[in-house]
Amino acid sequence: MRRRLPARLDPGTTIAAVRELHIRLGGTKILDGVTLDVTAGQVLALVGPNGAGKSTLLSALCGDLPIDSGQALLYQEPLAHWSAVEMAMRRAVMLQQATISFPFTVAQIVEMGRAPWSGTGRADADEQAIRTAMTLADVIPFSERVFSSLSGGERARVSLARALAQQSQLLLLDEPTAALDLHHQEDVLQLARRQAATGDAVVIVLHDLNLAAGYADQVAILSNGQLAACGPPAEVLTAELLSDVYQHKVEVWPHPATGEPVILPQRQGAGPRR
Amino acid sequence: MRLRKAGLVGGLVVVLLVMAVVAAGVGQLPIPASEILGSVMHRLDRGLEGLLHVRLPLDVGPMPRHPQGDNALWKVRFPRVTLAVLVGASLAAAGALMQGIFGNPLAEPSVVGVSSGAAVGASLVIVTGATFLGNWTIAAAAFVTGLITTLLVHALSRAGGKTEVVTLVLTGIAVNALTFTLISFATFIANTSAREQLVFWQLGSLNGATWQAVAAVLPFTIVGLAAAFALSHKLDLLSLGDRSAAHLGVDVERLRLFAIVVVALLVGASVAFSGIIGFVGLVVPHLIRMIAGPGHRLLLPASALGGAVLVITADLIARTLIRNADLPIGMITSLVGAPFFFWLLRRTRTRQGGWG
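If you're matching them up, the sequences are chains A and B in order.
Each position in the first sequence, counted from 1, maps to that position plus 1 in the numbering used here.
Each position in the second sequence, counted from 1, maps to that position plus 108 in the numbering used here.
Treat the hints as calculated values from the structure; they're not laboratory data.
The C-beta atom is built at its ideal place from N, Cα and C for all residues, glycine as well.
Careful: at least some of the hints might be erroneous.
Claimed, not checked - Okay, the calculated beta carbon distance ranges per label pair:
(1) A:S150 - B:V117: 49 to 57 Å
(2) B:A263 - A:P255: 25 to 33 Å
(3) A:P79 - B:G118: 29 to 37 Å
(4) B:G242 - A:E128: 51 to 59 Å
(5) B:R112 - A:P257: 55 to 63 Å
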């Protein structure tokens, strides 16, 4: 099998991109001309209301969906130019819901992340990579347990550990924080930051705008299959734009200590309770 | 863990050898183990000396004392035991492989109708007496119809990249109904002797085991097992689901198609000369998983060994349970397998919280 090993890209270069991307699913237009760059060394948050196309955009970057028109690029080449293994060497994916058909243990599942490298020189680093990934995702305490016995949050961390063990320069995370408690949410985003600091590119679909504001280098706001805005959090996470996109009055203040935007939806009927 | 795995495979090999000797010794003409080994060593000695033209000191151990002993071993018992090994290994490995590609522990050749699908081709050959591929005709026909059935089941039971238990079992019922109609038709148009052969063979039997049958099955089994072992690493990844497996570099569609051909090869080989022996592919991989975990690199070879042990044992029971009667082996395996299937079904249902 033809297998081109990836070269490490410099921070600041474009590692993946979509150009004028149109995708239809079951006759419905899901993405309607999206153009976006993913940059090595940065965390890119994809936010937007339900059905805006966040997960679809991520799937398109994974190479999971047929493209109607436009392009999805990985390392400057259309996804179709890469074989499944070559793509796996370049991007790791964590999906929203992880299920497994047989009772594999956590350690075995994380080890599966090394599959793309088997038979290459980088297979020598397997054990080290698995160890590091399990430490980073904080799954060592339950590494010998069977996946199906874990809580939702623990499962999410295992999937994250598997994606990290893959050691590709691009990490695509679909709502990694959905099942996590506050502490582990912050952990995952800090982890994303650390990976970005090593030169990796991280794309995260998020619902929590404050997490996006606190950790992302770039925030892309999707609305009705189109890119409403893309830029640094302080520039794009504005009360005006968010209120419009979410169809809900949203307030944004700078945090008194850090100056980062703090986002809060207006709550009708809230107030002192008896 | 590594020691435990080696222990499991080693243990199964020992049990297999012991059961093979026991099965070869038991019957209307009992032959002690020492004489069986002696007979094997003498043949080995003669064979190797003929090949290498040197004197070898391998002709140790006593020969069977009974004048018909050596004949009984080499004409009847050994081919039967060998065929049992091939059939058992094929069926159990096919079961493990199917469970892997369907991502469902209840997928099994006889349950989903692949065995009876293969039986359609074989029974048509038996009835028509076709011999276009000589010794391999039955096996080849069984492979072709088995392949068609596996493709059919796969296409019908998958929805949205998943195979739900209910869909799989119901598809199995429908496919079994269709294939049994075809087999019934073959039985109907058959002449009396072919009909008798068909009926007995539908219940599964190693009664007709000959070296010729062994020679016809052997290449299918070897190629099938080798291919199955080669897929084992990717099957592990497939248990994460199609999308995640693809993200890890597996060409999922190609893997599935290839695995389906391998399943048909293994099932076709086993059905061709021994008929439908149910549930081997369900019980064995499940027990191995309980002992050694779900990793396919160990599951597939260990299941093949375990399947061989199971079928040798079941065949031994089938031909010794009632004096002077050769019971259908499919009856024995179903007696154990059907309750096991039922238990698995109940357990899966409980885990999934009912099926509406």
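Taking the hints in turn, this is what the structure says about them:
Separated by about 27 Å at the C-beta atoms, A:S150 and B:V117 break the suggested range of 49 to 57 Å. Distance hint check for B:A263 and A:P255: the Cβ-Cβ separation is about 58 Å, which falls outside the suggested range of 25 to 33 Å. With their beta carbons about 51 Å apart, A:P79 and B:G118 fall outside the hinted range of 29 to 37 Å. For B:G242 paired with A:E128, a C-beta distance near 52 Å keeps the hint of 51 to 59 Å intact.
In this structure the hint that B:R112 and A:P257 lie 55 to 63 Å apart at CB holds, the actual value being about 59 Å.
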